[in-house]
Amino acid sequence: MTKGLKNLMFGSLAFLVVAGFLAAQTTPEAFLGFKVGADRKLADYNQIKAYFEKLSQEAPKKLKLLTIGESTMKKPMIMAVITSEENMAKLDAYREIIKKLRDPRTLSVEDARKLAKEGKAIVLITCSLHSTEIAASQMSMELAYDLVTGKTPFDAKKVLSDVIVLLCPTHNPDGIQMVVDWYKKYLGTKYESGSMPFLYHYYAGHDDNRDYYMINLAETKAITKVLYYDWLPQVHIDEHQQGSNGARLFIPPLMDPPLPNIQPLVWRTVNLMGTAMAYDLQKNGMSGVVNGRSYTGWYIGACDDTPWLHNVIGILSEAASVRLATPIYIEPTEIPKSFNEKMMDFVDPWPGGWWRLRDIVDYELVLSQSLVKTAALNKEDLLFNFYMMNKTAVEKVDKNQPYAFVISAKQHDYPTMLKMIDVLQLGGIEIYQAKADFIAGDKYYPAGSFVVKMAQPYKAYAWAILEKQKYPDMREYPGGPPQPPYDNAGWTLPIQMGVACDQVKEPFEAKLEKIDKVPYPQVPAGQGNGAYIVLGSQINASYPIVFALLKDAKAEVWRTKARIAKKDYDIPAGSFIVKNGPDIKKALPGLQAKYHLSVIDLDDAADIAKAPLKFHRVGLYQSWRGNMDEGWTRYMFDDLGIPYTTLHNDYFKGTKEKKTDIKADYDVIVFADENGAMIKSGTRGAGGPGGAGGPGGAAGGGPAAAAQRPTSSTTPPEYEGGIGQEGVDALKAFVEKGGTIVLLNQACTLAFSEFEIPARNALQSVDRTKFFCPSSVLKILVDNETPIGYGMPKEAGAMFVNSLALDTSSPGFEWDRKVVASYPEDGVLMSGWLVGEDVIARKAVVVDTKYKEGHIVLIGIRSQNRAQSHGTYKFLLNGLLYPDKEEK
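One point on numbering: in this note's numbering, the residue at position 223 of the sequence shown is 281, and numbering is uninterrupted.
Simulated from the structure, these hints should not be mistaken for lab results.
Warning: the hint list may mix true and false statements.
[To be verified] Straight-line alpha carbon distances no greater than 30 Å define the calculated DSBU-like cross-link-like pairs of lysine-lysine that follow: (1) 711 <-> 721; (2) 721 <-> 910; (3) 852 <-> 652; (4) 477 <-> 157; (5) 93 <-> 243; (6) 575 <-> 468; (7) 457 <-> 625; (8) 477 <-> 501; (9) 99 <-> 283; (10) 454 <-> 395.
Given only the sequences and the hints, what does the whole structure look like? Please build it.
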């Protein structure tokens with residue numbers, strides 16, 4: 059970028075201080091001691107927060123700093139409100155206007171037009187959710203300063219009289235602090251631009267941008283509350299970074315396919331905003347801007363995607379990356395041909411050369427200011443269109459639209475169903491509960507069932523999260539291989555969570571009452587007084603209660619070997635029988651209240667076939683490669699209160715003086731989804747299925763895009779390698795002595811390569827033209843009378859995410875195997891996209907193998923995928939609480 063670009067970018071108005079704006083505010087450069095975006099200079103989160111606090115003190119009538127939540131690691135999440143002095147004095151009134159425009163059922167068209175004239179457009183700008191994509195967090199300080207002081211390429215006083223800007227400098231403050239601390243630690247060494255060996259979000263890493271319909275994370279909850287409850291912005295941009303060798307910047311329009319449920323006016327306005335940005339960028343001489351490639355309009359789990367389904371103009375920007383703050387030089391010959399030629403979606407290619415953090419800051423500054431300006435120019439339309447889209451959602455019946463979704467009160471796992479109701483409400487969905495029995499679609503539903511009507515402002519969101527997806531069969535060329543989606547092809551939440559949910563086409567009559575909060579049941583008085591208590595294995599919440607009773611109350615526990623059907627109760631195989639006593643009676647009420655779970659009292663358990671269960675010490679392996687699935691496994695364990703210890707390579711390797719005796723310390727070792735070669739050596743091996751691979755076959759283009767960012771392969775030596783052969787030998791000895799190893803998804807490849815296990819991956823090296831399944835929900839058949847299948851229904855939906863199909867074989871000496879779950883002969887796809895059903899038909903999904911005294915459990919899916927697939931949690935939970943051998 060040429061010297062003095064800032065002057066060109068702002069033109070003759072760049073240094074104009076509009077009347078009424080103060081010139082005395084501290085600049086980011088004066089505060090930090092370096093220019094924002096300078097080579098090898100980064101502001102950490104504490105500095106960013108401190109700068110915004112200072113600006114709010116210096117210009118309190120133009121910038122108000124709010125704390126919108128607390129991060130996972132307990133950092134305050136800040137958001138700046140920036141607008142005119144007049145607007146700042148009436149913020150609550152303008153927020154109330156937006157709330158009225160959201161619900162067309164209480165507002166006439168004429169009144170909506172009046173409010174659109176009176177109200178102000180609200181624009182939310184979120185920065186650096188992915189902490190290594192750090193430029194936007196740095197840029198936010200300069201953007202705030204320019205807006206407050208009026209040093210903008212437009213009349214800031216006029217623009218901010220029509221717009222309220224919500225500026226979140228990062229919605230991952232923990233990650234920004236970690237990344238900057240790591241960068242500064244190794245600055246000036248050969249490790250300067252290397253990747254951190256751990257996740258930049260405590261649980262999710264890059265997947266923090268895959269949580270926006272499940273809303274698990276503290277950060278997601280905070281932004282969701284801003285979006286759909288507290289501020290209701292009409293426009294939201296989430297600013298990211300991408301690989302380095304292609305376009306300098308992606309902005310909308312997006313590429314095909316679009317989600318079918320989203321209103322056309324959303325897409326038209328997204329395109330309008332994107333085109334205006336491209337115009338302003340080009341006007342300022344910024345080349346290499348692309349649209350219509352790589353990023354689709356399909357997924358609903360990302361921060362910029364979910365707003366579409368709430369009639370909000372959600373926009374994604376993706377700037378080319380540098381090595382955090384270290385500049386890179388790109389030879390013209392290193393730029394792919396597709397980004398070296400002029401095309402209608404890429405009219406001004408970037409020629410190559412030096413690319414710096416300041417370049418990214420400049421691009422993002424221009425696009426952010428362009429967005430604010432365009433919102434001001436279209437203020438009245440944005441407000442009225444928001445009302446009209448909500449009105450259309452309520453009143454118009456779209457093609458294939460059901461009348462409602464009904465969630466029966468009769469469920470396999472009732473507390474998990476209530477968890478889903480909570481998730482839906484967090485996303486702003488209106489839910490009703492039946493006060494009496496009713497019939498809908500020729501099916502009987504008991505009182506207490508839940509109804510989600512489609513006639514509501516957020517219809518598109520409710521519809522998209524509850525329906526089954528059918529991804530279009532898109533090919534790279536006619537007759538060619540499938541074109542991978544950017545991320546999930548399917549995600550249907552009720553199927554993932556194991557919740558029965560019916561789509562009802564025609565209207566029906568029922569006595570319904572809208573609920574404001576989840577109606578968790580009260581635990582009946584007098585429970586827990588029997589000689590024994592029973593916790594059903596079909597309930598996920600039973601497992602953390604059992605762990606707590608085993609650990610803290612030293613409970614005596616068994617698991618039933620078969621289903622027990624009596625007049626008063628029907629409990630499935632694998633249910634937990636707990637001998638009652640004073641410590642149990644003391645601990646149980648609090649656990650029941652926490653997990654909203656009733657128990658069954660028994661006077662006698664002598665005649666019940668059962669196996670003993672002791673407290674199992676759980677170890678969870680964590681590599682130094684920032685494994686997101688390991689992070690989500692930790693989240694699941696922490697969320698359920700399951701005790702575990704994180705284990706690194708050194709533990710498994712032991713020392714020259716002493717080999718590690720794993721069985722002396724642990725009973726269960728869990729390996730999250732990670733290639734077996736990576737686990738053993740720290741380098742990626744072949745292990746993955748050819749047909750399921752590609753950007754869509756794994757977690758989608760997001761993680762693939764992250765892998766393209768420029769990073770050094772040089773890692774400090776203490777973070778190199780894997781468990782080594784010493785670790786493999788220790789694991790073999792662990793199993794021989796009676797330990798259990800649980801391998802999730804690609805971690806199964808460790809068993810294929812290092813153990814003589816009687817199973818293999820049937821998808822190994824299968825061509826993508828023969829088999830292709832990008833992150834979709836597939837049907838599985840479960841043997842729920844065997845320990846790893848305990849508590850599961852006979853049919854379930856499983857998330858296939860770069861997953862496996864297992865062939866088993868007759869075992870050798872001292873081995874045995876049991877197929878716990880398999881794909882059906884046909885009808886495998888439940889939601890998403892599947893090519894080559896026959897390739898996996900009747901193949902195993904989950905296999906329990908026994909070697910000598912122990913077990914190696916192969917779970918060929920992510921049974922805890924992104925802490926969303928609660929319906930298959932029990933495969934992993936049963937691995938943690940495998941019944942012990944009966945003492946002779």
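These are the hints, each one checked on the structure:
1. 711 <-> 721: holds, 14 Å
2. 721 <-> 910: holds, 14 Å
3. 852 <-> 652: Holds, at roughly 28 Å.
4. 477 <-> 157: Measuring from Cα to Cα gives roughly 27 Å; hence the hint holds.
5. 93 <-> 243: It holds: about 20 Å lies between the C-alpha atoms, which stays within 30 Å.
6. 575 <-> 468: holds, 19 Å
7. 457 <-> 625: Violated, at about 47 Å.
8. 477 <-> 501: The given pair, whose Cα atoms are some 24 Å apart, holds under the 30 Å limit.
9. 99 <-> 283: violated, 33 Å
10. 454 <-> 395: Roughly 46 Å separates the two Cα atoms, so the pair is violated.
This entry does not satisfy hints 7, 9, 10, going by the numbered hints stated previously.
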